[in-house]
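Engineer: Keeping their order, the protein sequence lines are chains A and B. Residue numbers for the first sequence follow our numbering, beginning at 3 and rising by one. Residue numbers for the second sequence follow our numbering, beginning at 3 and rising by one.
One thing to keep in mind: the hints can contain errors.
The list treats identical chains as interchangeable, and a pair is accepted whether it falls inside one copy or across any two copies.
Below, simulated DSS-like cross-link-like pairs (lysine-lysine); rule was C-alpha separation at most 25 Å, straight line [what the hints assert, rightly or not]:
{"#": "1", "residue 1": "Lys445", "residue 2": "Lys501"}
{"#": "2", "residue 1": "Lys490", "residue 2": "Lys445"}
{"#": "3", "residue 1": "Lys254", "residue 2": "Lys74"}
{"#": "4", "residue 1": "Lys55", "residue 2": "Lys95"}
{"#": "5", "residue 1": "Lys512", "residue 2": "Lys445"}
{"#": "6", "residue 1": "Lys445", "residue 2": "Lys136"}
{"#": "7", "residue 1": "Lys211", "residue 2": "Lys501"}
{"#": "8", "residue 1": "Lys501", "residue 2": "Lys596"}
{"#": "9", "residue 1": "Lys512", "residue 2": "Lys72"}
{"#": "10", "residue 1": "Lys147", "residue 2": "Lys490"}
{"#": "11", "residue 1": "Lys95", "residue 2": "Lys147"}
{"#": "12", "residue 1": "Lys596", "residue 2": "Lys136"}
{"#": "13", "residue 1": "Lys445", "residue 2": "Lys431"}
{"#": "14", "residue 1": "Lys596", "residue 2": "Lys512"}
None of these hints come from the bench; they were simulated from the model.
2 protein chains.
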Amino acid sequence: MKSGCRRMVLLFGLSLLRATLSFAQTQAPEHPLEGLRSQEYWAVYEVLQASGKVDADDYVMSVLLHEPPKEKVLAWKVGDPITREADVVLMRKGLVTEVRVNLAGRKVESWKEIKGAHGPIFESELFAMGELAKDDPRMQAGFAKRGIKDMTTVECVALPFGYFAVPELEGHRILYGECSDTRGAYLSWGRSIEGLYFEVDAVEKKVLKVIDQDAIPVPQSPINFEEAPAKPRAGTTPIEIVQPQGPGFQLKDGDVSWQNWHFRVRLDTRLGPVLNLVRLDDGARQRSVMYEGSMSELYVPYMDPAESWATRVFIDAGEFFPGGVLRTKREGVDCPSNAEYMDGLSPNEHGIPVIRPREACLFETVSGNPAWRHFEMEQTWGRPSRTLVLRTAAVIGNYDYLLDWRFEQDGSIRVAVGATGVIETKGVKAKTAGEHSMSGGAKAGADDEFGHFVGENTVGVNHDHFFSFRLDLDVDGPNNTFVPHVLKQRQLPASTHRKSIWVAEPSVAKTEREAMMDIHLERPSMWMFVNPNVHGPLGYPTGYEIMPGTTAASLLDPDDGPQRVGAFSAHQLWVTPYHPEELYAAGVYPTASKGGDGLAVWTQANRPIENTDIVAWYTMGFHHVPRAEDWPVMPVMWHDFVIRPFDFFAQNPTLNLPMAP
Amino acid sequence: MKSGCRRMVLLFGLSLLRATLSFAQTQAPEHPLEGLRSQEYWAVYEVLQASGKVDADDYVMSVLLHEPPKEKVLAWKVGDPITREADVVLMRKGLVTEVRVNLAGRKVESWKEIKGAHGPIFESELFAMGELAKDDPRMQAGFAKRGIKDMTTVECVALPFGYFAVPELEGHRILYGECSDTRGAYLSWGRSIEGLYFEVDAVEKKVLKVIDQDAIPVPQSPINFEEAPAKPRAGTTPIEIVQPQGPGFQLKDGDVSWQNWHFRVRLDTRLGPVLNLVRLDDGARQRSVMYEGSMSELYVPYMDPAESWATRVFIDAGEFFPGGVLRTKREGVDCPSNAEYMDGLSPNEHGIPVIRPREACLFETVSGNPAWRHFEMEQTWGRPSRTLVLRTAAVIGNYDYLLDWRFEQDGSIRVAVGATGVIETKGVKAKTAGEHSMSGGAKAGADDEFGHFVGENTVGVNHDHFFSFRLDLDVDGPNNTFVPHVLKQRQLPASTHRKSIWVAEPSVAKTEREAMMDIHLERPSMWMFVNPNVHGPLGYPTGYEIMPGTTAASLLDPDDGPQRVGAFSAHQLWVTPYHPEELYAAGVYPTASKGGDGLAVWTQANRPIENTDIVAWYTMGFHHVPRAEDWPVMPVMWHDFVIRPFDFFAQNPTLNLPMAP
């Protein structure tokens, strides 16, 4: 993350009249897990104003739905009363306060100062601190030394360190930043002014330090990608997707029904899309698959030890979510023409709800793939398939992450992340790699030792992307057991026609430690989540399997500061007992954190996880060495994993599909 | 593989008149790599007849295009003369003879007996030997012992051992088989008569042995999946893909052009789709990516030591290809409504070409995914994408493998295999698993020790699928170098803000051994194929990367008979110097082979591979523990990998995409 957005100017203090008007349009939430409605944000705003405890020094970090206890949600039926609460995080001069607001009662329920926590960063703070630094005489001297005289095109931003790297962080809100010169470009990416960095105290609003190293010219390689091409690629003919009777799904107040699937979705400011109560019709029964699923955190450490680069170890959601992680989808680009859209609400830094159009889209897609097929008796038997896609896009500064939840007709869910947007680049002295190696990389002292040239004087810096998905699977009910099946070679007796086979050995993971899974091709395992209390017709417990896709494990030293915060990247799967406050894999306050919260810390207790309400955490990751083709904007790189029924149904559930997709 | 198709009755000896008529319609091939045309098969037929060397005891195993030397193909231009040759394999009483036929000259060029080779199996042979066994009195006694009196519904098939397991194989053509009782079912899958097996000599046409063990009742669980559902799943609304101006690709005589892509495709009897001369337009230049790409072999070992199961270690293409591995695609099921189709030709056991409709389809698909996107300045910038899919379906008895070559606008190719069809099951005494374990598997002596119940008395047996893809990458020309980049942790000095990063270390693989790649998450590598003689504008050699998808390595003992033949499954990537006769990863004659041919054998020479014409072999694989949902027909399970440009283009090649998909 490095935000290149233009500053958003927000005015504080809206009249109560406007708030009241808003309440006049009140429509009550229809479900306990519905996202906060506009009037609920305004209720929070009013309650805070009325508390007498906030003034212009208080900023609202987040206003999130406080989910009712799970057992209450599970017991809730249409018509039952709905309890609504909001969790608010305030920041006042660097100090964090958690406030619980009762929305119907319009009152503060609790007010708690959190010692030692650093709040996440506001976009406006990034730019305000950047502006402050830009005006600092030491920075001005640095610009002059580089021949940069026109300040109009200079943009500076200040970013969190991301972990406890410098002693001055203790008790202070320290940001670290650099500047770009956008002359000739729409955006600042690829135009960094290297060798000139600053450190600011964002509470004191003071530039602490300016580091002026080598003056490296601002790269000039072409970077504009925005304009429609003057001469578009030839040879495309129109292709249209038509649904004359409209979509096959129903979407109302976050409630989605499609074929045999039912689920709820809300757009959370911090987590993005949160799916709840994912259920499947199976004959006359409606059966539970997952209580809640969401991306829990993103961790993007860069791999360059240089000043201002070693500190780029972003916890992309936890550090940067204020204002919301999701951004508007473009019709016909991000989603096909047959998509329907959901708008999103997130509070600004004063807690005022901002509506953003098309934060999510929902569409059916026919890829032309069969659900199944078999050729025999000189005929092909089969059924065409379609998929329901829920898509959002989280945008953290330069990177855009398309987040897909793809529901299949066979009861499986494919969760996919498409990474796109603009890679972070470093300006360097050398114009090109100069044919110094077979493919760049690792040559000591070379400008591309820690990355790869993607343009002249422009090196895309190596980095990782790790995504933690929190999957509160409730297969046929909350109490589940995690049963990894390990595939092991078995030698056969000499009387057999061959020497070896493999066998699948299931074992119950009794505690969190037994459930930490790493992928090894030489000792593969299948990750099964079963309900030991519900057996299918063949005797096995009903279950769902998490099938990993291509992924990666962190290569950093586990003792490294950023790695302690992003420690969820050490394993590809974790399983914890359900705890309503364990939502974020890198902890609630990862900003400048020493790593005392999150998945790796909770699981040190090694809690029991057998036949109880458990939560699976899947880590998707990839290492990224940029290539020329990733510049100036990166083709979407997809990664995915699958959650699929395993002995959940009595047989292939797609035998009843119609003959048309 | 186990073939359940009904016997195809074929008559030998067609009149020369008919052959002549066929020649009257002669149209010469348009390209040296075009698949054999109908009249070319007839030319082979005539040349063989005229040779005086064949009679009714000779069977034609294969008639394959003998590709002209690569350098001649590369030098060939439209209008140049085309040399056409066919490679014919004959089998006469178990002996294999290779014949090269000059098609234009209508003459035999070489005639070579191959000592010690076992030819692949004909479908008609499978059934004929099954019929022979069915009539054997010992088998009849076995049926009677099991209460099976009506022979009308009993079907027997004989299959190859797949490797050298029994001494009687030496110098003989031995098959091994079992029977099913299809009473009440359309197909024989799931209706096996267990405990009764036979061994036949397919040349002597003699039942050598009948093994009659435990009488296990034929499972009766419902298996018919073919009929359209009486009550289709509700809630689907029509969805149509419309291309009013027709497709955006051109397809003529196997030549495909689509946007900036160009390639040739032919449908080979043994390899299925063979892609050639895959090239990309880059400005005014047409640049080479791959000379040839195809699936080279399939290896499907089962994991049950029981009689008749330990020997199921199928080399699915090499053992079973006669008649062709591809089967007809169903419109609207296998391919979308906007697809175009290619018919296929394969010789029958007499060398007579049989035309099969719709063996391949070609279609454009819009998934609704952007090629790239970025949100900034309160706007989303991006381009919608489309994909060109070439799809075939290889059907080896019970299994159907959808084979996709998906061409992307960004210069990448996604190669995908969708496994579907019917799993192989074993009839067992126990009706169900009886809740004896958490999820079945590995309980000693249990009926599901080596598999998983999928129906009553029906156990889906554990097995693997391994696919070897032969990719003759020619990045900007034939001479390429394989450069793996290994990502390694590097500790940083104390002066840095953090302790560790990773660096990418490229190294040139000088020999075949240095190029054997295994996937490990703790020491990841990137597999780069570069042209060391062609450098891009940033100094790096131009390149393509093979990016693995989810895959598997064989868990079998490398010394195990079947594993010696399917040894390509030991590594995920191999690189060899180009050799025109190295086409099949498990060797030319894997049937009953001791493993003296194929990738693992060739690479023992550890030949140099630097800056020369090299071939990449990617192994895709997965372990399959069947689940209830895989029965009675298996939802498509996709696996894929990607070949993508890495510093091949100067920048993201999709910036010029139009704003409509």
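Engineer: A separate judgement is required for each hint: does it hold in the structure or not?
Structural biologist: These are the hints, each one checked on the structure:
no., hint, verdict
1, Lys445 / Lys501, "between (47 Å within a copy, 20 Å between copies)"
2, Lys490 / Lys445, "between (41 Å within a copy, 13 Å between copies)"
3, Lys254 / Lys74, "within (22 Å within a copy, 64 Å between copies)"
4, Lys55 / Lys95, "within (14 Å within a copy, 97 Å between copies)"
5, Lys512 / Lys445, "between (47 Å within a copy, 19 Å between copies)"
6, Lys445 / Lys136, "neither (35 Å within a copy, 70 Å between copies)"
7, Lys211 / Lys501, "between (69 Å within a copy, 23 Å between copies)"
8, Lys501 / Lys596, "between (52 Å within a copy, 14 Å between copies)"
9, Lys512 / Lys72, "within (23 Å within a copy, 60 Å between copies)"
10, Lys147 / Lys490, "neither (65 Å within a copy, 38 Å between copies)"
11, Lys95 / Lys147, "neither (35 Å within a copy, 88 Å between copies)"
12, Lys596 / Lys136, "neither (29 Å within a copy, 74 Å between copies)"
13, Lys445 / Lys431, "within (16 Å within a copy, 65 Å between copies)"
14, Lys596 / Lys512, "neither (29 Å within a copy, 45 Å between copies)"
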